[in-house]
Amino acid sequence: DAGVIQSPRHEVTEMGQEVTLRCKPISGHNSLFWYRQTMMRGLELLIYFNNNVPIDDSGMPEDRFSAKMPNASFSTLKIQPSEPRDSAVYFCASSSGTLNTGELFFGEGSRLTVL
Amino acid sequence: AQSVTQLGSHVSVSEGALVLLRCNYSSSVPPYLFWYVQYPNQGLQLLLKYTTGATLVKGINGFEAEFKKSETSFHLTKPSAHMSDAAEYFCAVSETTGGFKTIFGAGTRLFVKA
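Protein chains in written order, with the numbering used here: chain A, 1 to 115; chain B, 1 to 114.
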């Protein structure tokens, strides 16, 4: 079975450019999470969705960040405009709330470098 | 609000020695607790989890953890370290309703010496 799929795996961009990260959760999972991982701050929860609805976006750093989940099989995290301090690995994870275990399945991450 | 504290950002053990990684949590409701492992350039993988029932839970690769409510702890142990255990380990706490919001600790990097 396919796991959580993220793209791109690596992105290098210049300050001020728009960045879009994509995630395809595991089929049948109804919760989706976006995390950011840096050496300084560890794993931070940015936002999570349940049944395609954003439940908690309190971790989104600022208005430059936005996330959408237009359907159960796709989500995007957008940064506009990007800044060097946004450089990090961004992980998407999904879970099956119906199984009631809370286990998260992670993608391999998108490594973003903003110059 | 939930929070997770992992004591020790780095732990070094000799091959064959006991591994003990500490985790304390805070949660306003009975939590689900997890340990995940991350190898370089990869996402996190579940090692083990506590939801309800038996407080000693066993996971993959010989790891186990014990939920101690009175101490709000969920420490991870393995009797005998192997070189392949070198990785970063994350403790996490999850709400049990509304989509399972999951918060992670800062992580503990485990080094295993030959």
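Source of the hints: derived by calculation from the structure; they are not laboratory data. Virtual Cβ for every residue (Gly too), placed ideally from N, Cα, C. Some hints here could point you the wrong way.
[As the list claims (entries may be wrong)] Covered stretches of chain B, as calculated for chain A (at least 3 residues, CB under 8 Å): (1) 42 to 56; (2) 101 to 112.
[Said to hold, decoys possible] With beta-carbon atoms standing in for the labels, derived distance ranges: (3) A:18 x B:14: 37 to 43 Å; (4) B:114 x A:27: 39 to 45 Å; (5) B:80 x A:58: 40 to 46 Å; (6) A:54 x B:5: 25 to 31 Å.
Query raised in the report: If you check each hint against the structure, which ones fail?
Result: 3
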